[in-house]
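Trainee: Residues per chain, in single letters:
Number of protein chains: 2
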Amino acid sequence: MNIGRLQRKSVKNLAAYDPGLLVDYKYKLDANENGFDITPKARKKILREISAVHFNRYPDPATGDIRAALAKKNGVKPENVVIGNGSDELIHYLIQAFTDQGDKIVFPSPTFEMYRILAMANGAEPVAVGLDERFDIYEKELLKKSRGAGIIFLAYPNNPTGNCFSREKMEYVIRNAGCLVVVDEAYFEFSKKTFINLMRGRNNLVILRTFSKAFSMAGARLGYMLAHRDVTEIINKVRLPYNVNALSQACARVMLKEKSAAVETILAEREIIYDLLKDDYPVIKSDANFLLIKVKDGAKARKLFEKSGISIRIFRDGALKDFLRLTIGMPEENRAALKIMRRGV
Amino acid sequence: MNIGRLQRKSVKNLAAYDPGLLVDYKYKLDANENGFDITPKARKKILREISAVHFNRYPDPATGDIRAALAKKNGVKPENVVIGNGSDELIHYLIQAFTDQGDKIVFPSPTFEMYRILAMANGAEPVAVGLDERFDIYEKELLKKSRGAGIIFLAYPNNPTGNCFSREKMEYVIRNAGCLVVVDEAYFEFSKKTFINLMRGRNNLVILRTFSKAFSMAGARLGYMLAHRDVTEIINKVRLPYNVNALSQACARVMLKEKSAAVETILAEREIIYDLLKDDYPVIKSDANFLLIKVKDGAKARKLFEKSGISIRIFRDGALKDFLRLTIGMPEENRAALKIMRRGV
Chain A
360 MNIGRLQRKS
370 VKNLAAYDPG
380 LLVDYKYKLD
390 ANENGFDITP
400 KARKKILREI
410 SAVHFNRYPD
420 PATGDIRAAL
430 AKKNGVKPEN
440 VVIGNGSDEL
450 IHYLIQAFTD
460 QGDKIVFPSP
470 TFEMYRILAM
480 ANGAEPVAVG
490 LDERFDIYEK
500 ELLKKSRGAG
510 IIFLAYPNNP
520 TGNCFSREKM
530 EYVIRNAGCL
540 VVVDEAYFEF
550 SKKTFINLMR
560 GRNNLVILRT
570 FSKAFSMAGA
580 RLGYMLAHRD
590 VTEIINKVRL
600 PYNVNALSQA
610 CARVMLKEKS
620 AAVETILAER
630 EIIYDLLKDD
640 YPVIKSDANF
650 LLIKVKDGAK
660 ARKLFEKSGI
670 SIRIFRDGAL
680 KDFLRLTIGM
690 PEENRAALKI
700 MRRGV
Chain B
360 MNIGRLQRKS
370 VKNLAAYDPG
380 LLVDYKYKLD
390 ANENGFDITP
400 KARKKILREI
410 SAVHFNRYPD
420 PATGDIRAAL
430 AKKNGVKPEN
440 VVIGNGSDEL
450 IHYLIQAFTD
460 QGDKIVFPSP
470 TFEMYRILAM
480 ANGAEPVAVG
490 LDERFDIYEK
500 ELLKKSRGAG
510 IIFLAYPNNP
520 TGNCFSREKM
530 EYVIRNAGCL
540 VVVDEAYFEF
550 SKKTFINLMR
560 GRNNLVILRT
570 FSKAFSMAGA
580 RLGYMLAHRD
590 VTEIINKVRL
600 PYNVNALSQA
610 CARVMLKEKS
620 AAVETILAER
630 EIIYDLLKDD
640 YPVIKSDANF
650 LLIKVKDGAK
660 ARKLFEKSGI
670 SIRIFRDGAL
680 KDFLRLTIGM
690 PEENRAALKI
700 MRRGV
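Protein sequences appear in the order of chains A and B.
Counted the way the working numbering counts, the first sequence spans residues 360 to 704.
Counted the way the working numbering counts, the second sequence spans residues 360 to 704.
Simulated from the structure, these hints should not be mistaken for lab results.
Small disclaimer: the values here were computed from a predicted structure and weren't measured.
One thing to keep in mind: the hints can contain errors.
No copy is singled out in the list; a pair is fine if it fits within one copy or between any two copies.
[Unchecked claim] Calculated cross-link-like contacts (lysine-lysine; reagent style DSS-like; alpha-carbon spacing at most 25 Å): (1) K368 to K504; (2) K404 to K618; (3) K698 to K368; (4) K618 to K662; (5) K463 to K368; (6) K653 to K503; (7) K463 to K371; (8) K618 to K552; (9) K659 to K503.
Go ahead and model the full structure; you've got the sequences and the hints to work with.
Mentor: In structure tokens:
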């Protein structure tokens, strides 16, 4: 049987997501993870929580205690919180719930790739609006393209550029959009900037957060959404009832009482590296735990990093050709990366 | 803003899934879970595995070792295996990947509710074909309705009826369908019957399995799909890259080396209960870890079970009005349920 013929039209043109990572590496600076793992104390608490899990029972479908704690922390009600199997899943649910076939999903470009991929996976039409020369958004163009669209996605700070878009331009989009506006604050604990205050009196603003970055919990897959009840009620209609497993729920319960890990250390490291590189390379001022750097020869950089066993993200084509994205890891990892950059690439 | 207006058309008519469980219960016999949790030895191994997890790193997006082990166990190649965040997620991916808006998803009725819910959540049209008086399928009607459809779903054994459909009728559907046929073998370890042998030379047959039932792993959310590479390649295009978290992957690695828990005990209990009830109630012969029983007064049964703190599934309307589905739990749980049944409901 010709199986390919049976697939969703928009999926035909979609390639499987390739994180493009090095398989053999010594240092992993390619996925904006937190180089500092959770503390031994937090690990111990998690193991204790998990030792009490009833593995044979389905997890709490409402993730009640976690939502209550996150609501309290963020000054909203539990009904305004949805927990996802990573933010990826929440991005997926938003597109699934709020687009019919061919509806538009609008986002700046370059940005987090999952907006485009998940639009296509759900039969929606991805519409990318380029960034200006300072990697800021064209707010009017975004609004214009969003007419009749389902959702505008804005990563803040943006990935892979690392900068926060101008606050005025963001507010202009949020205040004037006729569709959902999703502000993806995955790196919030690093930027310390949020649009949560604009949620008041506005039911179309959705904030995404995650435990994957500052909280060193990428392995547990824990993202969350803050949104008006009008939105969360619809998301809960498409959400898989048991989308967050019992072990990750145990992790969340522990990490909600822990501080985000090593944020100040990472920010200090980022500034040191920025200062050391900025005279030799165009580097974008970052509000996140990574830096976007333009090199002369991406292929050469790739070879040198691979040879040194350092896995980083190097863009091969498009607007970011010859840019590399360096996650700020632990000091010794950053030093190893710096050493290569200083050789000139 | 009128947010409801923005939602996907097919989602408008969809209610959020309500597992309909009792909040306060002493015995939980409502979700076909395995009443016997994993062994202390398995728990210890899992905790040891998890204590070595790098929480700060994204999980293996390929779930490589788990797929390899499952492939070996089932006589297929790793490329024929996809791991899901529960089978629910795999059902979702199948519908997402293989239907355009309005395409049909065909299944018998009554059956596992997620086929209908996830069809609607993905913009597909659910088409239910009733079962005959012996709860067997109308194989010709199913085939007829599947013309131009995306997928036929067949739960084997069926849930909530508990029986396996006739093998000849199933084979007739599988051999003659012009679309994907998904055989959901969630209770395979109890029925010990499978259609895996029909996968040879046929790329449209998909088998679903899970660790949630016989392996007592409902909390970890681990389902898997066995399918031809033509299918898995397309599923991997819509699959979230990090859909299976690192802790559940650790659980899978351990449980792949463990035996399914207490299956023979549960089967023996099921037969005892069946024999004790069959003279007083219409009870369906079961191939799974639950029994479907017709009572005289569903409302009365509900009241009595609730009063005793036993959570079971009682159907309120439709073809199964006044039927109850009793999960076979641990002996003392089953005795408590029997006691109520003997009072006459």
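Trainee: Each hint: holds or not?
Mentor: Here is how each hint holds up against the structure:
Proximity of K368 to K504 under the C-alpha cut-off of 25 Å is found in both arrangements, the shortest distances being 23 Å within a copy and 22 Å between copies. Taking the shortest alpha-carbon separations for K404 and K618, only the intra-copy value of 14 Å comes in at or below 25 Å, while the best inter-copy value is 29 Å. Taking CA atoms no more than 25 Å apart as the test, K698 paired with K368 passes in neither setting, with 47 Å inside one copy and 55 Å between copies. Neither within a single protomer nor between protomers do K618 and K662 lie at most 25 Å apart by alpha-carbon distance, with minima of 38 Å and 47 Å respectively.
Taking CA atoms no more than 25 Å apart as the test, K463 paired with K368 passes in both settings, with 15 Å inside one copy and 15 Å between copies. Within a single copy, K653 and K503 get their C-alpha atoms no closer than 31 Å, and across copies no closer than 59 Å, so neither meets the 25 Å cut-off. For a Cα distance limit of 25 Å, the shortest separation of K463 from K371 qualifies both inside one copy, at 18 Å, and across copies, at 19 Å. In this assembly of identical chains, K618 and K552 lie within 25 Å of each other by CA distance solely inside one copy; the values are 17 Å within and 50 Å between copies.
Proximity of K659 and K503 under a CA criterion of 25 Å is satisfied in neither setting, with 40 Å inside one chain copy and 59 Å between copies.
When held up to the earlier numbered hints, the structure conflicts with 3, 4, 6, 9 and fits the remainder.
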